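Here is what each chain is made of, one letter per residue.
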Amino acid sequence: MDSKKKIKVLYIDDEPNNLVSFKASFRFDYNIFLANNTDEALLRLQENPDISVILSDQKMPGMTGVEFFEDIRTKYPNPVRILITGYTDIDSVINAINRGHVFRYIKKPWTDVDVQSAIDEAQKFYITTSMLAMKNEELQKAYEELDKFAYSATHDMRGPILSVLGIIDLTKGAEDMAEIKEMVGMMENAMLKLDNYIQNLHDHYSIRRGELNITDIDFENVMKDMSDLYDITGRVKNVRFEKSVQQNGKFRSDDISIKIIVNNLLSNAFKYQKKDEQDKYVGMFVKVENGVANITVEDNGIGIPGKDLSDVFTMFFRGANDEIGSGFGLYNVKDALNKINGKIDVISTENVGTKFIVTIPSK
Amino acid sequence: MSEGKLNFIVVDDSKLDCFIAEKIITNSGRCESVKVFQQATHALEHIKAAGQAMTTVVFVDIQMPVMNGFEFVENFEALPDNLKQNYHIYMLSSSINENDIARVKGYASVRHFLNKPLTNDTIKAVLEEYS
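First to last, the protein sequences are chains A and B. Its first residue numbered 1, the first sequence is counted upward by one per residue in this note's numbering. Its first residue numbered 1, the second sequence is counted upward by one per residue in this note's numbering.
Careful: at least some of the hints might be erroneous.
[Unchecked claim] Partial list, computed: chain B residues near chain A (C-beta under 7 Å): (1) D17; (2) K23; (3) K116.
[As the list claims (entries may be wrong)] Computed list of lysine to any residue pairs in SDA-like fashion (alpha-carbon distance at most 25 Å, straight line): (4) K141/A / S28/B; (5) K172/A / A53/B; (6) K148/A / E98/B; (7) K275/A / K172/A; (8) K275/A / E98/B; (9) K15/B / Q199/A; (10) K148/A / E45/B; (11) K274/A / F113/B; (12) K343/A / E298/A; (13) K334/A / D225/A; (14) K15/B / K141/A; (15) K243/A / D255/A; (16) K15/B / M177/A; (17) K148/A / Q39/B; (18) K15/B / P305/A; (19) K274/A / E45/B; (20) K35/B / M187/A; (21) K274/A / T41/B.
[Stated by the list, open to error] Here's a subset of chain A near chain B, in silico, CB distances under 8 Å, partners left out: (22) R158; (23) I167; (24) D169.
Hints were generated in silico from the structure; no laboratory data involved. Note that the structure is a prediction, hence the values are computed from the model and not measured. Just so it is clear, CB atoms sit at the ideal spot from N, CA and C, and this is done for glycine as well.
Generate coordinates for the entire structure from the input sequences, incorporating the hints supplied.
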């Protein structure tokens, strides 16, 4: 029996016989936890916060079932609460239902069918409310991002436009051809920056909304694509680019996500080099073993100050004084990794270098 | 005295906008010297090291990495009065965010919020305050 897939049900009753017979009746259908009193019940809840249905007897010494439900409601709002009681306490039951402490009640003595249907209904309710909570959280995150985006868009999209307008204003009064040419070059840079921003934005939303397309990944090919992109950069910027791939066995994942991840990490590694370093260096090493890909991207560049390390994956965070940085890159990396269940660690020392270690499981 | 020369400091992480500001300032005919900083921390170091200066107009961008314009102003305001008195700060930004603009007004040492780009007309209006 796979007890993992069974829903977790907690049953509280001061009558040991009831506990035993409850377990005997339902142990094949649910993952049952028992408690003899409310203190014990709290312990079970602490140990198993994912219990989804709680059934409690009403009449117990110390605390009634309704009181117990009232008590735990703020701390454990998710489990669905079912009260078991005899006809004599019908007033307290009505009261409890009306105040929202109890989802359903089962009258004593219970029949298996009553209990089963109550638990199944409760489970459906539990799933619906937890889904709703999850969706709400997602929605909240989306709103926050939208706010950040609206704010950043004025700076990152308007910025280059205003720069170009400023230069156009200047060229009106300029006579010297060399000076005018210099200004045209600057306008070109501003437009490249804007274009880079928009491309990053596009990447961002394709990760967000795009469906995963899981295929066999040959990291030799991924590396070849990156070589095509960065060998030239390395030569122009005088950066030594070392790479190796060791792939043992098949690896399946989303090709586009993987490329967005390594491309962003490499782009950063080449960008944040020390100007006066004699031996500029970037390394990318891939090792695939037992269905897990380990990708390391390292450099001996300017590094990340300790106080910024926790912020580097935040949207629009820009650590360095760099003209091209959009504050999108590592955020996109993290997003793509989330989609393919990967994780990333960063080790960095200012003025010594940075190492990103990515771990991705095969799908 | 109406056309007295002034010192200028420009703080902006965008090279391009620094270039524009520098040109406009030079063209204004009122420029004794202009210093450009792409990182606000460097500008702050410069002000601390320069000691008491002649009248200096400072243009500061808002959104910059490492230290943003607001942080720059907060650090500046913490300096001793005799050091601060001859610096006149203007915030220069592409921001159209109301919170940003309202926040600028909250700083005693900031004279005005100016919209980017800096143009001949804007600087003329600014410099009239120093005639």
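Hint compliance check: list the failing hint numbers for this structure, sorted ascending. 4, 5, 7, 8, 10, 11, 14
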